[in-house]
Each structure stands twice: as structure tokens, then as C-alpha cells.
Amino acid sequence: MEERFLTFVAKLFNVDRANVSLDTEYMSLPEWDSLMQLRLVMEVEAEFSCEIPIDEVPNLNTLRKFYEYVE
Amino acid sequence: MNTVKVSGIKIEAVYACVPDNVIDNTTACKPLFGDSVETVIKSTGINKRYVVSEGISSLDLCCGAAEKLFSQTDINREDIGAVICVTFTPEYLMPCNAIAAQDRLGINRDVAAFDIAIACSGYCYGLWISSIMAKSLNKKILLLNGDVQSVYTSPEDKSTVPVMADAGTATVIAPCNNDDDEWLFTFYSDGSRRESLYIPAGGSKNRISDKAIRYNILKDGSKIRDIDIHMDGFEIFKFVAQDVSKLIDTFLFENGIDKDEIDVFVPHQANIYMIQQLTRKLKIDKEKMWKAGDEYGNSSSSSVPVTIASQKNKYFNSGKKNMLLSGFGGGLSATVGYITFYGSTSCGIFQYCKKG
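Those protein sequence lines, which keep their order, are chains G and Z.
Under this note's numbering, think of the first position of the first sequence as 368, with each following residue one higher.
Under this note's numbering, think of the first position of the second sequence as 4, with each following residue one higher.
Please keep in mind that the hints were generated in silico from the structure rather than gathered at the bench.
Keep in mind the model is a prediction, meaning the values are calculated, not measured.
Worth double-checking, as some hints may not be accurate.
As the list claims (entries may be wrong) - A few chain Z residues that face chain G, going by a derived Cβ cut-off under 10 angstroms, partial list only:
no., residue
1, Thr-42
2, Val-43
3, Asn-50
4, Thr-76
5, Arg-80
6, His-233
7, Asp-235
8, Gly-236
9, Phe-237
10, Gln-245
11, Thr-253
12, Glu-257
13, Gln-280
14, Arg-283
15, Ile-287
16, Lys-291
Beta carbons are placed, not taken as given, at the ideal position from N, Cα and C, and that holds for glycine.
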């Protein structure tokens, strides 16, 4: 599941899979902006059939915190 | 939390006027976003936007909406006791839109007329002040609410271009003898975060200068001038996700409003995906959330009356509904209103026509 999640996110951000881990602070990736943040929530929820509460999203500063909703 | 209550008032009509130019967002945003344009549109949920041609002002759109309102209803101009205009993009910095509207609409001179200068949260401010004044004057209040944000939007700014739109609206609030219908409002202000959404130049602090009209290049490649709207999208998202969702929840809890009692939820149409997430967080049935931003864009505070004007006839034409309203944005500022809305209220939306 972890590998599938990271591959999915790397593709979304258009970066090499090797550059993405659960500890990645994705907001520092060049492709990140506020619209990408919304897209990340939207796409992860759709792909992994999970729900991420909107008030928690601003606190998800690493992919690990996102992944906790996917597991 | 302070909650204000007003009773003995009702909304008689809501009309909206959108500009002459309709923009297909996919086409318009392609030069900015390239191949990512489809996903950007998906992230905002805004497919179309209406923007003014050069020379068309917020006053033109609001007066257009008011003229349509008078022509479609039996509301008489002579019965208007005050004109209020909620706008942060007035036709002139001085005098205000509302006084010009008095003359342009042929309303009596013995009226109060003033603007309320606030952005996205403004419609509830307008309803609150109008309801107090309707009772105080025992006359009807013409509430205009409109902005032309496109005038202050850099065409090369990735944060604002996909969402910002223009519109003008007119609402008539009338005194009535029915005290059963109580309107509730609450307001939230946090000036410490004002630079999350603002226009740096053109006010009295930073005058228009050569520097103010020079384009600066941002980290994401956007080009923006100091006279343009600057929006930190993530800060605004945080505000909505955390402060606004808590504000609405607390408002409902403290006023003993069960979510099942809410018939309609009309949030500011900031971003369709975001307001859908907000609705889910609030545990309000998604079918109750009205949206028009997908078709008309984010027209600042007028997005709430634009949504009511465009959606109401699709949903009900008789009886009355409990309507939850919320505006949020520049300030930072947020408002929540809980009002009674009648099916008999006249509503409509149309496109601006210079000669019409």
C-alpha cells in the first residue's frame, strides 16, 4: 500500500519516485501550490477510497500524515 | 461568540446581473497552466466565469440587477427608504456607489445611502444592516452587492485567474409583522492575517506609482502588480478549513440549530471543491448545499446572492425554508447567517446588456 501511495503521489507531482518518501515535506516540492494541495486531497480520497477531514488538511505537512488516512 | 437576532423582516426579491463576457476557464487558463489546465479546473470546480468589458463598473452591474428587480416585481421605488451597496470595487473611490444608485435608479432623495466596503464575507453584513434599518425606518431597503474583481486581477496570476469573476446583485429587505421569523447572524474578524488576501497599492498607504504598476515575478512564475489582488491560496484554504468550519459549527451549536432543520446552505462560492469539503465537514447533507460558482465563478461577496438568484427557482416556489448563509475571505473576515427564505420571493439572474 505504501509503495502504491508514494508512486501515486510522485506521479501527481510529476517528480521521480526516488525523490519521494513518507517523510517528504511535499509543500517544498516545486509543483506544490494551494491548488495542488486541494488536488492532492481530492485525488488521494478518490484513489484510496478514504476521507480526509478538511480541517486536518492544513496540518498534513508530510506524506506520512496523509498516509495515515490511506492505511 | 456574539449572535445578533433580528425579526419582523423578510426578503422580497433577489436579482443578479452577470457581465457581458463569459469566459471558458479551460481555454482562458491554458496559457497559464499548459497541460495541467484540466486538473486545475478540477481543483476549483469553476468551469466558467463572467467578467466585465472595459468601462463597466460594479455600479453598472448592481443597477442593472435593481432595474430588473423593479421591472419583474411590484416593488415600487418610492417605497425604498435606504440604499446600501456592499462592494470593495466601487465605481469611484468617492463618492460611494449607493448614492449614485439613488440617482440612477430614480429613488427618492430622502433616503439614506452608503457603501459597506468589505470583500467576500459581505452579504450577511448587508442583510444585517438592512434588516435593522428596515425596522428603524419602517421602509424597504435596497441592498446592492457587487464587485468587478477582474479589474484588479493580474491576467498572469495563477492564484486568482482561475476563480475571480464579476457580478452585481440587488436584494430588497422589507419590514413585516411576522416576528416568528428570526434572523441570526454572527461575525468573525482577524485583521492580523489581512495580507493573505489584499491589494497592496491604490489605497492611501501606497499610492499608484510606477512601482505599483510594474509586474513582479513570483516563485510559481505568476506575474503580478501591487495594484492587483494578492491571494495566498493556502492561507485562505486554512482559514476556511479551520476557522470558518469551526465558526459555523459553533454558531449552530450555540443557537440550538439542529443540522436537520437547515433546508438550504449557501456558502460563498470561493472554490466548489473547497465548499463541498466544508459541507461534508459540517455534516450538512450535500444536496442542501446550493452552488452556482461552477457556472458563474467566485464573484466575491455577491456570490451568495448570485447563487440564491440563480438556484432558488429550481428548488422551491412556495412555503418557506431555513437558509444557512456563510461568507468568508478578505479581512480575514467571515460571517454566518441563518434566515427564513420564502418560496414566493422573486428571484432571477440575467446577463448585462449595455443598452438594456
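- Query: Is the shortest C-beta separation between Thr-253 (chain Z) and chain G less than 10 angstroms?
  - Reply: Thr-253 (chain Z) check fails; min Cβ-Cβ to chain G is 13 angstroms, beyond 10 angstroms.
- Mind checking the CB of Asn-50 (chain Z) against every CB in chain G and telling me if the closest is under 10 angstroms? violated, 15 angstroms
- For the hint on Gly-236 (chain Z), does the least C-beta distance to chain G fall short of 10 angstroms? With a closest approach of 3 angstroms, the Gly-236 (chain Z) hint holds.
- Task: Against chain G, run the beta carbon of Thr-42 (chain Z) and see if the smallest gap drops under 10 angstroms.
- Result: At about 6 angstroms, which falls below the 10 angstroms cut-off, the nearest Cβ of chain G leaves the hint on Thr-42 (chain Z) intact, so it holds.
- Supplied contact hint for Gln-245 (chain Z), tested at 10 angstroms Cβ to chain G: holds, 5 angstroms
- Query: Measuring from the C-beta of Asp-235 (chain Z) to each C-beta in chain G, is the shortest one below 10 angstroms?
  - Reply: Status holds, d = 8 angstroms.
- Message: A closest beta-carbon separation below 10 angstroms is what the hint needs, so does Arg-283 (chain Z) meet it against chain G?
- Response: Holds - the Cβ of Arg-283 (chain Z) comes within 10 angstroms of chain G, reaching about 7 angstroms at its closest.
- Task: Mind checking the CB of Val-43 (chain Z) against every CB in chain G and telling me if the closest is under 10 angstroms?
- Result: holds, 6 angstroms
- chain G contact restraint for Gln-280 (chain Z) - C-beta distance below 10 angstroms: Constraint on Gln-280 (chain Z) satisfied, holds at 4 angstroms.
- Task: Go through the hint on Lys-291 (chain Z) and say holds or violated, using the shortest Cβ distance to chain G against 10 angstroms.
- Result: violated, 17 angstroms
- Holds or violated: Glu-257 (chain Z) as interface residue toward chain G, Cβ cutoff 10 angstroms? violated, 18 angstroms
- Should the interface hint for His-233 (chain Z) be scored as holding, given a Cβ-Cβ cut-off of 10 angstroms against chain G? violated, 13 angstroms
Of the numbered hints stated above, those contradicted by the structure are hints 3, 4, 5, 6, 11, 12, 15 and 16, listed in ascending order.
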